[in-house]
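There are 2 protein chains.
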Amino acid sequence: MNAQTCLQLLREIKDAAFATVDENGIPQVRIIDVMLVEEDALYFCTARGKDFFRQLIQTGQVAITGMNRDFQMIRLHGKVQKLPDQKKWIDRIFQYNPSMNHVYPGESRYILEPFCITTGQIEFFDLGKQPIYRQSLSIGQSCSEKKGFTITDSCIGCGHCSIVCPQHCICEGSPYTIEQSHCLHCGLCAEQCPSLAIKRKREV
Amino acid sequence: MNAQTCLQLLREIKDAAFATVDENGIPQVRIIDVMLVEEDALYFCTARGKDFFRQLIQTGQVAITGMNRDFQMIRLHGKVQKLPDQKKWIDRIFQYNPSMNHVYPGESRYILEPFCITTGQIEFFDLGKQPIYRQSLSIGQSCSEKKGFTITDSCIGCGHCSIVCPQHCICEGSPYTIEQSHCLHCGLCAEQCPSLAIKRKREV
Numbered sequence: 001m002n003a004q005t006c007l008q009l010l011r012e013i014k015d016a017a018f019a020t021v022d023e024n025g026i027p028q029v030r031i032i033d034v035m036l037v038e039e040d041a042l043y044f045c046t047a048r049g050k051d052f053f054r055q056l057i058q059t060g061q062v063a064i065t066g067m068n069r070d071f072q073m074i075r076l077h078g079k080v081q082k083l084p085d086q087k088k089w090i091d092r093i094f095q096y097n098p099s100m101n102h103v104y105p106g107e108s109r110y111i112l113e114p115f116c117i118t119t120g121q122i123e124f125f126d127l128g129k130q131p132i133y134r135q136s137l138s139i140g141q142s143c144s145e146k147k148g149f150t151i152t153d154s155c156i157g158c159g160h161c162s163i164v165c166p167q168h169c170i171c172e173g174s175p176y177t178i179e180q181s182h183c184l185h186c187g188l189c190a191e192q193c194p195s196l197a198i199k200r201k202r203e204v
Numbered sequence: 001m002n003a004q005t006c007l008q009l010l011r012e013i014k015d016a017a018f019a020t021v022d023e024n025g026i027p028q029v030r031i032i033d034v035m036l037v038e039e040d041a042l043y044f045c046t047a048r049g050k051d052f053f054r055q056l057i058q059t060g061q062v063a064i065t066g067m068n069r070d071f072q073m074i075r076l077h078g079k080v081q082k083l084p085d086q087k088k089w090i091d092r093i094f095q096y097n098p099s100m101n102h103v104y105p106g107e108s109r110y111i112l113e114p115f116c117i118t119t120g121q122i123e124f125f126d127l128g129k130q131p132i133y134r135q136s137l138s139i140g141q142s143c144s145e146k147k148g149f150t151i152t153d154s155c156i157g158c159g160h161c162s163i164v165c166p167q168h169c170i171c172e173g174s175p176y177t178i179e180q181s182h183c184l185h186c187g188l189c190a191e192q193c194p195s196l197a198i199k200r201k202r203e204v
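Taken in sequence, the protein lines are chains A and B.
Oh and the first sequence: position 59 is 59 in full-length UniProt numbering, straight run, nothing missing.
Oh and the second sequence: position 7 is 7 in full-length UniProt numbering, straight run, nothing missing.
A hint or two may mislead.
Intra- or inter-copy, both count: the list cannot distinguish identical chains.
Derived SDA-like pairs (lysine to any residue); straight-line CA-CA distance at most 20 Å [said to hold, decoys possible]:
no.: 1; residue 1: Lys146; residue 2: Glu23
no.: 2; residue 1: Lys79; residue 2: Gln28
no.: 3; residue 1: Lys129; residue 2: Ser99
no.: 4; residue 1: Lys14; residue 2: Ile31
no.: 5; residue 1: Lys79; residue 2: Ile26
no.: 6; residue 1: Lys129; residue 2: Asn97
no.: 7; residue 1: Lys147; residue 2: Asn24
no.: 8; residue 1: Lys199; residue 2: Val164
no.: 9; residue 1: Lys50; residue 2: Lys146
no.: 10; residue 1: Lys79; residue 2: Glu23
no.: 11; residue 1: Lys146; residue 2: Glu113
no.: 12; residue 1: Lys129; residue 2: His168
no.: 13; residue 1: Lys14; residue 2: Gln72
no.: 14; residue 1: Lys50; residue 2: Gln135
no.: 15; residue 1: Lys79; residue 2: Tyr110
no.: 16; residue 1: Lys129; residue 2: Pro98
no.: 17; residue 1: Lys82; residue 2: Asp33
no.: 18; residue 1: Lys14; residue 2: Arg69
no.: 19; residue 1: Lys14; residue 2: Phe71
no.: 20; residue 1: Lys87; residue 2: Gly140
no.: 21; residue 1: Lys129; residue 2: Ile32
no.: 22; residue 1: Lys199; residue 2: Cys169
no.: 23; residue 1: Lys129; residue 2: Gln167
no.: 24; residue 1: Lys129; residue 2: Gly106
no.: 25; residue 1: Lys79; residue 2: Gly25
no.: 26; residue 1: Lys14; residue 2: Asn68
Bear in mind the hints are in silico, worked out from the structure with no lab data behind them.
As the structure is a computational prediction, the values presented were derived from the model and not from experiment.
Turn these sequences into a full structure, and let the hints steer you where they fit.
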């Protein structure tokens, strides 16, 4: 699974959820069509009158998620840019998404502005598999984030974490190790470790 | 369409997108199951180790959206509460959502904490109809928000707004009026009004 495949999966899901932060710091989310995916970039559009438009312009940030019928979930958050050359992009978007003409017929399409995400973090999460499978990826100049938990050298090898893990994804060793690609990030191992050896990666 | 029906629709969609704001003010969104809907309240759960859990506790705010196969979209944002009596609620949630046992078998379910939304704003949006149909509702002690546009007394009755409206939802009159239930909030009428008579409701 690479970044391009993940973006393509969002394009196939099409009606994805787009989250922003409003002027009061409150999360807002709505379903928006993923209009185009090309060369590691995702394109969408919205109308200049909408709160969504204002939030994109004000914050420059968006988070997107969608899940397909096989319970494969994509999460993406990143920087959003309003594109210059509005008419070219809106025409291109309508060419690939002709049903948009029912909502914005004729010239009214030009109330829409095209946006693009070229930098961000992607998380692929397959809940249809047992154990679950996750993978982190990035697009553009974005460094991958530290998420989840890790077992430090304070591990005493008691194996309690391995017993309680709901996905059975902790392997024996010195120290024990978490198979990151199967971890739910639920935190049960960290709570139950008698030597407090399991830490959040971001706090290590 | 009332609030209870909207929440029930989210329960039927089941895999809805839940948006939060992280510690850096960045929007985050993921697919979460709507676990229960009872008496104008929506219930879900998440694990104590997850970033989602921390964001819920820190901000007390969440926004949810989902769309069904008939292109009916529900948007909800409101205050979120962690519920006391954790075991009672988690057991109840697992009773109604038995597939949760595959992800969190046995006692591992108690790494989950139950949350509830009892106060918030709902927006129902039917994109399957022409013209589109929207309705705002609230649950709990929440006042409904002002969204969209209104035509003020500065209207000179030229009818230009009515011609450009992509959904044909502006009616002749003195002043002209917007049929709010069919309005996209695209803002094209406001941009094109020669007498600047059309204002955002929140700025009026």
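Status of each hint after checking the structure:
1. Lys146 - Glu23: Classified as between: cross-chain Cα gap 14 Å, same-chain 28 Å, threshold 20 Å.
2. Lys79 - Gln28: Result: close both inside a copy and across copies, 16 Å intra and 12 Å inter.
3. Lys129 - Ser99: Between copies, since 13 Å is at most 20 Å while 34 Å is not.
4. Lys14 - Ile31: both (9 Å within a copy, 15 Å between copies)
5. Lys79 - Ile26: Cα proximity of Lys79 and Ile26: in one copy and across copies (18 Å, 10 Å).
6. Lys129 - Asn97: Classified as between: cross-chain Cα gap 18 Å, same-chain 32 Å, threshold 20 Å.
7. Lys147 - Asn24: Classified as between: cross-chain Cα gap 15 Å, same-chain 27 Å, threshold 20 Å.
8. Lys199 - Val164: within (16 Å within a copy, 58 Å between copies)
9. Lys50 - Lys146: between (34 Å within a copy, 13 Å between copies)
10. Lys79 - Glu23: The answer is both: 17 Å in one copy and 17 Å across copies each meet 20 Å.
11. Lys146 - Glu113: neither (34 Å within a copy, 23 Å between copies)
12. Lys129 - His168: Result: close within a single copy only, 13 Å intra versus 48 Å inter.
13. Lys14 - Gln72: Cα proximity of Lys14 and Gln72: in one copy and across copies (14 Å, 15 Å).
14. Lys50 - Gln135: Result: close only across copies, 16 Å inter versus 34 Å intra.
15. Lys79 - Tyr110: neither (23 Å within a copy, 36 Å between copies)
16. Lys129 - Pro98: Classified as between: cross-chain Cα gap 17 Å, same-chain 35 Å, threshold 20 Å.
17. Lys82 - Asp33: within (16 Å within a copy, 33 Å between copies)
18. Lys14 - Arg69: Cα proximity of Lys14 and Arg69: in one copy and across copies (12 Å, 13 Å).
19. Lys14 - Phe71: So Lys14 and Phe71 pass the 20 Å test inside a copy (15 Å) and across (12 Å) alike.
20. Lys87 - Gly140: neither (25 Å within a copy, 44 Å between copies)
21. Lys129 - Ile32: between (27 Å within a copy, 17 Å between copies)
22. Lys199 - Cys169: within (16 Å within a copy, 56 Å between copies)
23. Lys129 - Gln167: within (11 Å within a copy, 44 Å between copies)
24. Lys129 - Gly106: Between copies, since 19 Å is at most 20 Å while 46 Å is not.
25. Lys79 - Gly25: Classified as both: same-chain Cα gap 17 Å, cross-chain 13 Å, threshold 20 Å.
26. Lys14 - Asn68: Close inside one copy (10 Å) and across copies (13 Å); limit 20 Å.
Of the numbered hints listed earlier, those contradicted by the structure are 11, 15 and 20.
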